[in-house]
Structure formats: C-alpha cells, structure tokens
Amino acid sequence: MSPVIAVDALSKRYGDLQAVSDVSFEVHEGEIFGLLGPNGAGKTTSVECVQGLRHPDSGHVRVLGLDPQTQAHELRSLIGAQLQESSLPHRLRVGEALELFSSFQPGGPPWRAVMQDWGLTEKARAPFGSLSGGQRQRLLVALALVNNPRVVFLDEMTTGLDPAARRATWDLIERIRQAGTTVVLVTHFMDEAHRLCDRLAVVNHGRVVAAGTPGDLVANHQDGVTVRFTARGADTGFLAGVPGVRDVETEGGQVLVRGAPTIVPHVGKALVDHGLAPDDMDVVRPTLEDVYLRLVDGDEA
Amino acid sequence: MRALGRLTATELKLFLREPVTVLFTLALPLMVLYVLNGVFGDQSPAGGEGGEAGLVVYRGFDAADWYTPAYVALAVAGFAFIALPAHMVEYRETGVLRRLQASGVPRGVVLLSQMIISLVVATVGAALLVGAALLFTGSSPPAGTALFFGAYLVGAVAVTSLGLMLGTVLPTARAAQSVGLLAWFVTLFLSGAGPPPEVLPDGLRRIGEWLPMTPVVQVLQEPWLTGEWVVRQSVVVVAIAAVSAAIAWVAYRWE
Chain A
1 MSPVIAVDAL
11 SKRYGDLQAV
21 SDVSFEVHEG
31 EIFGLLGPNG
41 AGKTTSVECV
51 QGLRHPDSGH
61 VRVLGLDPQT
71 QAHELRSLIG
81 AQLQESSLPH
91 RLRVGEALEL
101 FSSFQPGGPP
111 WRAVMQDWGL
121 TEKARAPFGS
131 LSGGQRQRLL
141 VALALVNNPR
151 VVFLDEMTTG
161 LDPAARRATW
171 DLIERIRQAG
181 TTVVLVTHFM
191 DEAHRLCDRL
201 AVVNHGRVVA
211 AGTPGDLVAN
221 HQDGVTVRFT
231 ARGADTGFLA
241 GVPGVRDVET
251 EGGQVLVRGA
261 PTIVPHVGKA
271 LVDHGLAPDD
281 MDVVRPTLED
291 VYLRLVDGDE
301 A
Chain B
1 MRALGRLTAT
11 ELKLFLREPV
21 TVLFTLALPL
31 MVLYVLNGVF
41 GDQSPAGGEG
51 GEAGLVVYRG
61 FDAADWYTPA
71 YVALAVAGFA
81 FIALPAHMVE
91 YRETGVLRRL
101 QASGVPRGVV
111 LLSQMIISLV
121 VATVGAALLV
131 GAALLFTGSS
141 PPAGTALFFG
151 AYLVGAVAVT
161 SLGLMLGTVL
171 PTARAAQSVG
181 LLAWFVTLFL
191 SGAGPPPEVL
201 PDGLRRIGEW
211 LPMTPVVQVL
221 QEPWLTGEWV
231 VRQSVVVVAI
241 AAVSAAIAWV
251 AYRWE
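Protein sequences appear in the order of chains A and B. Letter by letter, the first sequence follows residues 1 to 301 of my numbering. Letter by letter, the second sequence follows residues 1 to 255 of my numbering.
No wet-lab data here; the hints were simulated from the structure. The C-beta atom is built at its ideal place from N, Cα and C for all residues, glycine as well. Just so you know, not all the hints are guaranteed correct.
Computed, partial: chain B to chain A, Cβ under 7 Å [to be verified]:
| hint | residue |
| --- | --- |
| 1 | Arg2 |
| 2 | Ala3 |
| 3 | Arg6 |
| 4 | Arg17 |
| 5 | Arg98 |
| 6 | Ala102 |
| 7 | Gly104 |
The calculated lysine to aspartate or glutamate pairs, modelled on DMTMM-like cross-linking and capped at a C-alpha distance of 25 Å, are [unchecked claim]:
| hint | chain 1 | residue 1 | chain 2 | residue 2 |
| --- | --- | --- | --- | --- |
| 8 | A | Lys123 | B | Glu11 |
| 9 | A | Lys123 | B | Glu18 |
| 10 | B | Lys13 | A | Glu122 |
Have a look at the derived ranges for each label pair, beta carbon to beta carbon [claimed, not checked]:
| hint | chain 1 | residue 1 | chain 2 | residue 2 | range |
| --- | --- | --- | --- | --- | --- |
| 11 | A | Gln116 | B | Gly5 | 23 to 29 Å |
| 12 | A | Gly180 | B | Leu4 | 28 to 34 Å |
| 13 | A | Glu122 | B | Val39 | 54 to 60 Å |
| 14 | A | Gly40 | B | Leu4 | 32 to 38 Å |
Construct all of the structure, not just a fragment, from the sequences and the given hints.
In structure tokens, the structure reads:
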C-alpha cells in the first residue's frame with residue numbers, strides 16, 4: 001500500500017536559519033502520525049510545506065498522490081487543517097462559522113450534522129470570543145473536518161489548555177482516527193505523542209533524529225536497562241563479568257546493574273548460580289520521555 | 001463566487017454587530033459636514049476675508065457646493081483609511097487569515113470581500129452626507145448627476161484600494177490605526193476637502209498636488225460643480241486604484 005504522505009529530503013531555510021534540513025517521513029492510511037520536538041524544531045514548517053502552504057527550498061512531497069506545490073487547489077479539498085495560532089473573529093457565532101467554512105469547500109457532510117457530531121449544537125449561537133479554550137478547539141477541529149477530509153493536520157492542539165480540556169481534545173483526535181481519517185499531529189508534548197501516535201518522528205534542529213512506533217523508539221534509542229535488587233552483605237563482584245553488563249553500583253544494600261536489555265536473564269542466572277535469589281529484583285526500563293529528552297539533548301530546558 | 005458571497009455576507013453581519021464602529025462610520029461624515037461647514041461654509045466667492053484680499057477661492061463657486069463632493073471623498077476615506085486597514089491587520093495578527101488560508105480561500109476573495117464591504121459601508125455614509133448637505137447646508141444638487149455617480153464609483157474604488165494597500169503593507173494594527181488616521185487628516189487638510197487650496201501656503205499646496213487623494217477630490221467635484229468630466233485627473237485616479245490594488249495583492253500575507 002502506498003503511503004498517504006511521502007516526504008523525501010525536505011529542506012527550508014529562512015535567511016540564516018535552516019528551519020528544516022533533509023526531513024523525510026511517510027504517513028500511512030488510517031494512522032495517527034506524530035511530529036514531536038521542542039519549539040522551533042521545524043515541525044510546523046515541515047507540515048506547512050506538506051500542506052502546500054509554504055514552498056520548500058528542495059525535497060519531494062506527495063500527499064494522496066498530489067504535489068502540494070502545483071496541485072494545492074485539488075489537495076485543499078482532500079485535507080483538513082488546524083493551523084497553529086489560527087483563530088476566528090470574536091463575534092462570529094459557532095453555527096455561522098461552520099456554515100461559512102462548509103461553503104468554502106462544498107461536498108462535505110451538512111454543517112449542522114458536523115455541529116451535532118462535535119457537540120456544538122447547544123453553542124450554535126455563542127460567539128467564538130465567549131467559548132472556553134476546549135470549546136474553541138472543538139470548533140476548530142470541526143472546521144478542519146467540515147469538508148470530510150482524508151487527512152487532517154493538527155498543529156499544537158493542546159497548548160494552553162487545562163488538563164481536563166487536553167484529555168477531552170485527545171478523545172476528539174482518537175474519534176477522528178476511528179472515523180477512518182488519517183491524522184498528522186504536531187506536538188511538543190511527549191505524553192500526548194505517546195498516548196495518541198501509532199508512529200512518530202522526533203524532530204530537533206530541523207532534522208528527524210528518530211522515527212518509529214513509541215515502542216521502537218524506546219527499544220532503539222535507550223541507553224539500556226537497570227536491574228535492581230537487595231543483596232545485603234553478599235559479594236556481587238562476579239556480576240561485572242556477566243555478558244552485556246556495563247557497570248555495577250552498590251548503594252547500601254541495593255545493587256544496581258546497568259547494561260543492555262539482554263542482561264536481565266543473564267544477571268538472574270548468575271545470581272542463582274552464586275546461590276543468591278533476591279526477592280525484590282526490579283528491572284527499570286527507560287520511558288519514551290527518557291528517550292525523547294536524550295534525543296533532543298536537553299536543549300528544550 | 002459562492003465563497004466570496006458567503007464571506008462578504010458574514011463580514012457585513014460581523015460589522016453590524018460592532019455598534020461603535022457602525023456609529024463612527026455613519027457619524028463621521030455628518031460630523032465633518034457640520035463642523036467644516038460651520039468653519040468654511042459661509043465664505044462666498046467674492047466676500048469674507050478671501051474676497052477682501054482679492055483672492056478668488058473655490059474657483060468662484062459657492063462654498064457649500066464646493067464642499068459637498070469633497071466631503072464625499074472624506075466620507076469614503078473615513079472607513080477605507082481608518083477602519084479597513086486596522087481590521088485587515090487585526091485579522092492577520094489574530095490568525096483569522098490563517099484559518100481562511102487553511103480552508104483554501106484565495107487571497108483575491110479575501111481582498112475583494114473587504115473591498116465590497118468598505119464600498120457598501122462608505123456608500124451608506126456618503127449617501128447620508130449628501131442627503132444632509134442638500135437638506136441643511138444649502139448645497140445645490142450635482143450639475144451632472146450621472147457623471148457624478150460615475151465619478152463616485154471610480155473615486156470610491158481608488159480610495160478603497162488605497163485602504164487595502166495600507167491593510168496589507170502595515171505591520172501592526174497599531175501602525176494601521178495611526179497611519180490610517182494620519183492619511184485621513186492629510187486628505188482633510190491638503191487634498192482640497194478642508195481649507196480651499198488657494199489659502200494654503202505655497203509649499204503645502206505643492207505637497208497637496210502630489211497626494212493621491214487630491215485628484216480623487218477633483219474628479220468628484222467637477223461633475224458636481226460644472227457637469228463636466230475631468231479626463232486627466234480621472235486617468236490618474238484609475239492608475240492610483242490599479243497600482244494600490246496591485247501592491248495590496250503582492251504585499252498580501254496570511255500571517
């Protein structure tokens with residue numbers, strides 16, 4: 001199956017700033033694909049090139065078989081977008097907004113049905129300016145879906161939302177995927193990417209530094225696991241010779257053995273062979289967050 | 001076309017929801033008429049101070065007749081210079097234009113819808129002003145009515161294009177507000193809509209001759225006063241409309 005979006009060696013420079021350099025990724029039908037990275041990493045520039053809103057300096061982009069640079073008009077009716085920092089006039093009412101935006105791209109479902117679907121009917125006459133952050137996001141998502149797109153781009157959906165509204169927005173995004181629409185999610189929140197994305201690319205300084213499923217990323221970019229147990233008084237010097245073990249540290253009665261993920265069974269066997277069977281052996285594995293922070297090198301902080 | 005119609009209708013509805021802006025837009029021409037007519041309106045061609053100095057002002061026409069078509073230009077500029085540019089920049093700054101861009105609305109539709117709204121609102125203001133002038137200031141009706149309507153169309157499109165240009169070139173809403181206001185006052189003082197050009201010092205008069213609003217005022221005045229069409233100035237006005245609309249198109253940004 002050919003990918004819904006194929007990006008190959010995309011680059012974009014603004015004056016002295018190389019915003020995007022040699023970015024490549026693919027998005028498959030029906031998945032939630034994430035672009036994760038710190039602010040200013042080049043995520044937004046990349047997806048805006050993919051949508052045909054910006055002209056890349058070089059690289060090759062195909063979306064649903066179309067070239068966003070030369071076929072932006074045809075593409076527009078097949079995709080939906082929630083752009084970063086976009087807004088509506090404050091006096092525009094919810095119903096009017098849906099009616100207006102559905103008139104821009106005819107062929108989608110009736111706007112009243114979209115309004116009903118996203119739970120906005122009771123707010124139909126409320127002006128945009130009076131809506132809460134969560135309600136605004138719901139309306140903006142509804143506007144992105146009003147033309148029944150095959151791919152929807154969501155850029156920084158939850159920035160500035162309170163935790164409850166963030167969770168509600170996550171549910172909205174999962175609903176979009178359940179309806180069969182492919183989602184490209186741009187975010188700088190690791191927990192959001194972990195919770196929602198089937199696959200993701202970590203972007204830093206304009207480059208893709210890692211890509212894959214959240215599980216792949218952890219497996220491929222971790223610096224190993226830690227095996228921890230209590231061995232009061234016993235000599236555990238032999239563990240340094242176990243295959244894959246990088247270092248052994250003793251803290252009070254606690255022993256910390258660090259190394260490749262494969263050390264876990266070997267350490268267990270070596271302990272048993274030496275007559276030790278601790279009852280509190282734990283394996284500490286890195287989370288996606290640890291991997292992410294390692295990949296972006298802490299320069300977000 | 002459908003998008004243009006919907007966007008324009010929606011924008012008009014939003015405009016009517018802002019009572020202060022509506023009031024300002026409609027009250028400004030009437031205020032101009034009342035205040036300026038009080039200042040300059042009683043000067044007859046041969047009388048007053050100007051007459052005593054042997055200076056012929058208003059080219060020998062009645063002040064009230066001279067000013068009514070000039071105020072029409074001020075009325076149109078009131079919306080096109082003061083309200084329109086700030087509105088457009090605000091849409092750009094707050095991300096409304098980005099939202100439109102994401103839905104594939106072409107820039108031509110955005111610019112044209114703003115132009116239509118500005119023309120509709122300005123025309124209501126201008127009609128109010130002309131009505132009030134005819135009723136209360138003793139102004140004569142236009143000598144050439146059809147020609148005046150033609151001149152109004154050309155002039156109003158040019159003024160609105162200038163406003164669109166300000167709305168696309170100026171960087172911030174605050175800049176748009178101050179520059180728009182300045183442009184309006186310069187029109188009032190130097191382009192023949194306030195003090196008669198004859199009483200301006202040489203330097204200021206020469207500056208006035210180079211301002212884009214001066215030929216607009218002249219194009220409106222001639223059919224009203226003499227029933228004639230000024231060819232040279234109207235060519236200039238059409239050129240101003242074309243150039244400023246082209247600049248607005250090129251300088252247009254979504255964010």
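Tested hints:
1. Arg2: Check passed: Cβ of Arg2/B comes within 6 Å of chain A, closer than 7 Å.
2. Ala3: 5 Å, holds
3. Arg6: 4 Å, holds
4. Arg17: OK, holds: Arg17/B within 7 Å of chain A, min 5 Å.
5. Arg98: Check passed: Cβ of Arg98/B comes within 4 Å of chain A, closer than 7 Å.
6. Ala102: Since the shortest Cβ distance to chain A is 4 Å, the answer is holds.
7. Gly104: Since the shortest Cβ distance to chain A is 3 Å, the answer is holds.
8. Lys123/A - Glu11/B: 20 Å, holds
9. Lys123/A - Glu18/B: At roughly 21 Å apart (the allowed maximum being 25 Å), Glu18/B and Lys123/A satisfy the hint.
10. Lys13/B - Glu122/A: 21 Å, holds
11. Gln116/A - Gly5/B: 23 to 29 Å: 25 Å Cβ-Cβ, so the 23 to 29 Å window holds.
12. Gly180/A - Leu4/B: 28 to 34 Å: 33 Å, holds
13. Glu122/A - Val39/B: 54 to 60 Å: 56 Å, holds
14. Gly40/A - Leu4/B: 32 to 38 Å: Holds - the Cβ-Cβ distance for Gly40/A and Leu4/B, about 37 Å, lies within 32 to 38 Å.
Consistency note: the structure conflicts with none of the earlier hints.
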